[in-house]
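Order-wise, the sequence lines are chains V and L. So for the first sequence, our numbering puts the first residue at 1; every next one is plus one. So for the second sequence, our numbering puts the first residue at 1001; every next one is plus one.
Treat the hints loosely; a few may be bogus.
Heads up, simulated DSS-like pairs for lysine-lysine below, C-alpha to C-alpha not over 25 angstroms straight-line [what the hints assert, rightly or not]:
{"id": "1", "chain 1": "V", "residue 1": "Lys57", "chain 2": "L", "residue 2": "Lys1166"}
{"id": "2", "chain 1": "L", "residue 1": "Lys1186", "chain 2": "V", "residue 2": "Lys155"}
{"id": "3", "chain 1": "L", "residue 1": "Lys1186", "chain 2": "V", "residue 2": "Lys162"}
{"id": "4", "chain 1": "V", "residue 1": "Lys56", "chain 2": "V", "residue 2": "Lys233"}
{"id": "5", "chain 1": "V", "residue 1": "Lys46", "chain 2": "L", "residue 2": "Lys1002"}
{"id": "6", "chain 1": "L", "residue 1": "Lys1163", "chain 2": "V", "residue 2": "Lys233"}
{"id": "7", "chain 1": "L", "residue 1": "Lys1002", "chain 2": "L", "residue 2": "Lys1045"}
{"id": "8", "chain 1": "V", "residue 1": "Lys162", "chain 2": "L", "residue 2": "Lys1163"}
{"id": "9", "chain 1": "L", "residue 1": "Lys1163", "chain 2": "V", "residue 2": "Lys237"}
{"id": "10", "chain 1": "V", "residue 1": "Lys56", "chain 2": "L", "residue 2": "Lys1163"}
{"id": "11", "chain 1": "V", "residue 1": "Lys147", "chain 2": "L", "residue 2": "Lys1002"}
{"id": "12", "chain 1": "V", "residue 1": "Lys151", "chain 2": "V", "residue 2": "Lys162"}
{"id": "13", "chain 1": "L", "residue 1": "Lys1163", "chain 2": "V", "residue 2": "Lys52"}
{"id": "14", "chain 1": "L", "residue 1": "Lys1166", "chain 2": "V", "residue 2": "Lys237"}
{"id": "15", "chain 1": "V", "residue 1": "Lys151", "chain 2": "L", "residue 2": "Lys1002"}
{"id": "16", "chain 1": "L", "residue 1": "Lys1186", "chain 2": "V", "residue 2": "Lys208"}
{"id": "17", "chain 1": "V", "residue 1": "Lys146", "chain 2": "L", "residue 2": "Lys1170"}
{"id": "18", "chain 1": "V", "residue 1": "Lys233", "chain 2": "L", "residue 2": "Lys1170"}
{"id": "19", "chain 1": "L", "residue 1": "Lys1163", "chain 2": "V", "residue 2": "Lys57"}
{"id": "20", "chain 1": "L", "residue 1": "Lys1163", "chain 2": "V", "residue 2": "Lys234"}
{"id": "21", "chain 1": "V", "residue 1": "Lys233", "chain 2": "L", "residue 2": "Lys1002"}
{"id": "22", "chain 1": "V", "residue 1": "Lys162", "chain 2": "L", "residue 2": "Lys1045"}
{"id": "23", "chain 1": "L", "residue 1": "Lys1215", "chain 2": "V", "residue 2": "Lys52"}
{"id": "24", "chain 1": "V", "residue 1": "Lys150", "chain 2": "L", "residue 2": "Lys1002"}
{"id": "25", "chain 1": "L", "residue 1": "Lys1170", "chain 2": "V", "residue 2": "Lys162"}
{"id": "26", "chain 1": "V", "residue 1": "Lys155", "chain 2": "L", "residue 2": "Lys1214"}
{"id": "27", "chain 1": "L", "residue 1": "Lys1166", "chain 2": "L", "residue 2": "Lys1214"}
Hints in this document: simulated from the structure, not taken from any laboratory.
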Amino acid sequence: MILFLTQVSVNDVKNSWWLYLIGALVTLFIIGGSLFFALLAYRRSKAINMPKEVLKKTVVSSISFSILPSIGIFIGVITMAGLLGIPLPWIRLSVLGALHYELMAVSVAAEGVTVTTLMMEDFVTIAFVMTIAIIWGSLFALFFFKKYQKKVVDKVDTSDKKSFAPLIFQAVFIGLISAYFGDAFAKMIHYEVREVVDGAYTPNYLDKTTFVPLIVFVSSFLFMAFFDYLVQKKNQKWLENFQLSISMLLGMTIAVLLGIGGIY
Amino acid sequence: MKDYRSLMHRYGRIFTVLGITVMLAVPFVIMFISGVKPNSTDLFKGIIALSVIYLPGGIIEVLTYGPILGTSGTYLAFITGNLINLKIPCVMNARELAHTEINTEENEIVSTIAVSFSSITTVVIMSLGVLLLVPLTPLLEAEVLQPAFNWVVSALFGALGYKYFKNHLKLVIAPLIVVIIISLIKPSFVYGNIVVVILIVAIVTIAVARVLWKKNLI
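Produce the entire structure from the sequences given, and follow the hints as far as they go.
Okay, structure coming up:
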């Protein structure tokens, strides 16, 4: 069934009710799938007698931890809303999306397009490019993850504490965190951002340097150290599930305070 | 464990196929309802240009993050997205609190629950944001709050880093020196190719760990 509309205006489509409906359906799909896997994991935890307390801790810490980054992701919707309307960015950032990727997709799929020059053809092209070019990771997981797990990951026995194996994963984590320290450090030397106007990249690059991410990184680290001290030494166990979120919030508050003081 | 895992692979693969179908359905529905086709030159050009980066990137991500996310966590995270800025740190935090080791059944359970509830939190916040867009937009776009959300990832990894750095002090020095050197030589490489930097630094850290472990220093 094809509902051809004659003389379709992109402004009618990009905020249309049916696109919102698709967004709602995608959201329900994600919630349904997540609950399904959580339920299977819960059942399995009962079968192997895992303490309920551990599961509760996981749920509470995961939700509290995810709130701030999720607000950050939602700001991506607002960033793109000018050009693409609300529902498409909402859908794209709900399933396998990331703001910088989506912005890049806009710029390569419809080079130089702005909110006033956007045509329906650009909008459809952008929607296709955004969706297709990001699926490689999930396709690779679909076809090769099982084999990779069996052939490589399972060869690493983490149960023996004295073996080298558990250290491999700890080393990967430390590498990951160090890389993000590097990300913050590098921006102190130099970084450039592409200018975004109305949700689309312009050809202009803005040269910048900033100490703020490094200060945020270090201060969040120190706040975490302080909360860890309260949990471990002052017996404030209730803080355990929230210490990461509160440390992040305080680190982000420092960024705001620096901004108020004119330091960006 | 083996049976449970096989089952998770089966369900995970079904979920991935459904997820990809749902994702691909969106542009097709837009095309059918509007009756406008994509520009084939721009479409082809766009897919090639992005895939040059995201095809190898996607493969590296599965290889690096798969063991961290566990079986069903991997399938779920590779459909719900926002891996590095949300799912990975969320799982790292959850397993740190639950004291589980990678590749154990307990860890599979903890990481699955962490990815599930993190994904639900994200889509719920996004939906609330869409519903409350009119009152929220001026607040979230307020100039004064922009630094907070610009640097949310630095706040996240700074806070998360504490426990890993505290417990492995001897392992931290080398990767930090490496990233500082790379940043000084070519800062754009660090912030522009973070997945590659993670890989380089992880290999350096594993090598240092191996040496220290052999000498019984860790």
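Results for each hint:
1. V/Lys57 - L/Lys1166: OK: lysine 57 of chain V and lysine 1166 of chain L at ~22 angstroms, within 25 angstroms.
2. L/Lys1186 - V/Lys155: 37 angstroms, violated
3. L/Lys1186 - V/Lys162: This hinted pair is violated, its Cα atoms lying about 38 angstroms apart.
4. V/Lys56 - V/Lys233: 23 angstroms, holds
5. V/Lys46 - L/Lys1002: Cα-Cα ~17 angstroms, so holds.
6. L/Lys1163 - V/Lys233: Holds - the C-alpha atoms of lysine 233 of chain V and lysine 1163 of chain L are around 15 angstroms apart, at most 25 angstroms.
7. L/Lys1002 - L/Lys1045: At roughly 44 angstroms apart (the allowed maximum being 25 angstroms), lysine 1045 of chain L and lysine 1002 of chain L break the hint.
8. V/Lys162 - L/Lys1163: Measuring from Cα to Cα gives roughly 20 angstroms; hence the hint holds.
9. L/Lys1163 - V/Lys237: 16 angstroms, holds
10. V/Lys56 - L/Lys1163: 21 angstroms, holds
11. V/Lys147 - L/Lys1002: 14 angstroms, holds
12. V/Lys151 - V/Lys162: Judged against 25 angstroms, a Cα distance of about 23 angstroms means the pair holds.
13. L/Lys1163 - V/Lys52: 24 angstroms, holds
14. L/Lys1166 - V/Lys237: 19 angstroms, holds
15. V/Lys151 - L/Lys1002: 14 angstroms, holds
16. L/Lys1186 - V/Lys208: 14 angstroms, holds
17. V/Lys146 - L/Lys1170: Answer violated: lysine 146 of chain V to lysine 1170 of chain L is near 34 angstroms, above 25 angstroms.
18. V/Lys233 - L/Lys1170: Distance ~23 angstroms between lysine 233 of chain V and lysine 1170 of chain L Cα, so the pair holds.
19. L/Lys1163 - V/Lys57: 17 angstroms, holds
20. L/Lys1163 - V/Lys234: Given pair lysine 1163 of chain L, lysine 234 of chain V holds - Cα atoms ~17 angstroms apart, limit 25 angstroms.
21. V/Lys233 - L/Lys1002: 40 angstroms, violated
22. V/Lys162 - L/Lys1045: Distance ~52 angstroms between lysine 162 of chain V and lysine 1045 of chain L Cα, so the pair is violated.
23. L/Lys1215 - V/Lys52: 40 angstroms, violated
24. V/Lys150 - L/Lys1002: 11 angstroms, holds
25. L/Lys1170 - V/Lys162: The hint holds at about 17 angstroms.
26. V/Lys155 - L/Lys1214: 20 angstroms, holds
27. L/Lys1166 - L/Lys1214: Holds, because 21 angstroms separates the two Cα atoms, which is no more than 25 angstroms.
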